[in-house]
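Engineer: Residue strings, one per chain:
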Amino acid sequence: MNDEVIRIEGLKKHFAMGSGWFTALNGIDLSFRRGEFAGLIGPSGSGKTTLLNIIGTLDVPSEGKAIILGESVGNLSAGASASIRKSQLGFIFQSYNLFQVYTVFENVEFPLLLQKIDASKRKKMVLDALEWVGLTDKMKSKPAQLSGGESQRVAIARSMVKRPAIVLADEPTANLDAANSHNILQTMEKLNRELQTTFIFATHDDKVIGYVRRKIFLFDGKVAKDERIEQN
Amino acid sequence: MLAFKLALRNILGAGLRTWLNVIVLSFSFIIIIWLKGLLEGWDRQARNDMIKWEIGGGQYWHAAYDPFDPFTLSDSHGTIPDVLNDSVNNGSIVPVLLSQGTIYPNGRMQSVLIKGISPEQEVLALPSSKLKSDGVDIPAIIGRSMAESTQLKEGEYVTVRWRDKNGTFDATEIKISAIFETNVPTVDVGQVWLPIDIVREMMLLPGEATLLITDREGWQSADTDEWVFKDQETLLSDIETIIKAKSFVGIIIWAILLMMAMLAVFDTQVLSIFRRQKEIGTYVALGMTRGQVVKLFTIEGAMHSVLAALVAAVYGIPLLALQAIRGISIPVESKDFGIAMAAKLYPVYSLALISGTIIIVLLVTTIVSYWPSRKIARLNPTEALRGRIQ
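Those protein sequences? They're chains A and B, same order as listed. Letter by letter, the first sequence follows residues 821 to 1052 in this note's numbering. Letter by letter, the second sequence follows residues 70 to 459 in this note's numbering.
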């Protein structure tokens, strides 16, 4: 079990809604190993984004445990959870969330700036990351000058540049056409295999589901099915 | 350091929005400094002129003398104390004898203050050498304002009437030997300067004086029962009060400008936090604490002032320097202010004024940047990431 990066036990999450409570997650038990390429699959409101947010230490459980890289999310201070996100977690968002005033290079460089990595090493790491996603020639462009597919590839480079243990991708293909979706999924799969980074997707996109090697179906805040695809 | 780097990157990246704010702020910088420099220049010029033309290094007043009560003039004179005689003889103290009188310019009657002063004196800037008598006429000098109000011209004669120490009226003709230009109305308006020896003869007060004006600051006071020393600061206190009162309007304008500048920053900050929620969420997701994001936004706001100071320096230094050298013309009506005011005012921009203004604006900008940024600390990052307005 040394490869285990995420362990979730009896996880519940409630949100205040009007005078009552809405249960987004209702007793989740899951475990993820290093290098997994997994998808949290389910319709809107099934709890996949909430689960992703808790794994990403952006939210805390109401009940149960979520242990990320050996740290219990519910017990982390703001500084400690920020530190995990800074060094060990990468995020990819549906609408890319790139900084519009930065160039591609600066966007990808950002996580390394937070880690105070020195300039020469930083530059090399950024160029490596841009090469992974095939955007070296666009490094001086601003996000507004990029297509959706290119923007998402920048977001992938930004999430991967610090070589995180886990990358969390929330509907990464929702705004992309089929060709671009396949392109970025192939990129992520390649990085997953080469760097042994754990990828967890929250999705209901069939294209993504076709790529993941573990499918976790969520329904009404519970795990309805958890199936692993045998690798060829 | 990282926060500064990111803040600079963010505000420069914001382009036109940043530069509009920076330009508005830089105007505020320049106008605040200009306004304060003008008041400072006026203050300094008024003080200098008062010292040069009227106050000298300080004055001994006869104990009965009250400048605000003309009835005291008939009694406020005395012989010069022995301890000051040497200073009077070597010219470092100049005695002035005051008396009330009346002149009759062009058939009109006008009350005047007759002031006797030595033609040889060099303590005050008055052209007293023009009071040297040719043995025929009694020379008198008056200021430009007095000449205009009485319509007297150089070389003209006018009758002057006075009462001597016994209360006896007498009159004679005096000749306007010179009309002098001064910014100090208190040596000009309603005054006629005559040689002190002649005034003493007129008043039957040989060797006496009302005021003894010293030539330098820091004169050692030697109060006697009859003479009281008034130092420069005491004598300038009235003008200081007037300038302070006039400065009040300046302070209001200064406050309005400062508020305008602050509003620009505050507005930008509020709008930023409203519009940049997704960006704030992304910062948190990428590993910044909410405190760091608050700091980043605060620095961004404050950095507008830094950029504004730099922009203001580019066009402001030559502009303000030019004004400091060439001065600012003041309209004639400004004489109504009643205090020393030159036709041209030369603003004074001290290092303290400039650095003080920059520090105040920076400080206030930082506060108004921080104020709305605190909201970030309360944002839910998962909601912010989706760009939902909270």
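Treat the hints as calculated values from the structure; they're not laboratory data. Among the hints, erroneous ones may be present.
Stated by the list, open to error - With a straight-line Cα cutoff of 30 Å, these simulated DSBU-like cross-link-like pairs (lysine-lysine) come out:
#1 B/Lys347 <-> A/Lys1010
#2 B/Lys444 <-> B/Lys315
#3 A/Lys943 <-> A/Lys906
#4 A/Lys944 <-> B/Lys315
#5 A/Lys944 <-> B/Lys313
#6 B/Lys364 <-> A/Lys906
#7 A/Lys936 <-> B/Lys347
#8 A/Lys962 <-> B/Lys444
#9 A/Lys960 <-> B/Lys347
#10 A/Lys1027 <-> B/Lys364
#11 A/Lys943 <-> B/Lys315
#12 A/Lys958 <-> A/Lys1010
#13 A/Lys943 <-> A/Lys962
#14 A/Lys1045 <-> A/Lys1027
Stated by the list, open to error - Facing chain A, a subset of chain B residues (Cβ under 7 Å, in silico):
#15 Leu71
#16 Gln169
#17 Ala354
No residue lacks a Cβ here, since even glycine has one placed at the ideal position from N, Cα and C.
Engineer: When the structure is checked against the list of hints, which entries are broken? Sort them ascending.
Structural biologist: Numbers 2, 4, 5, 10, 11 and 16, in rising order.
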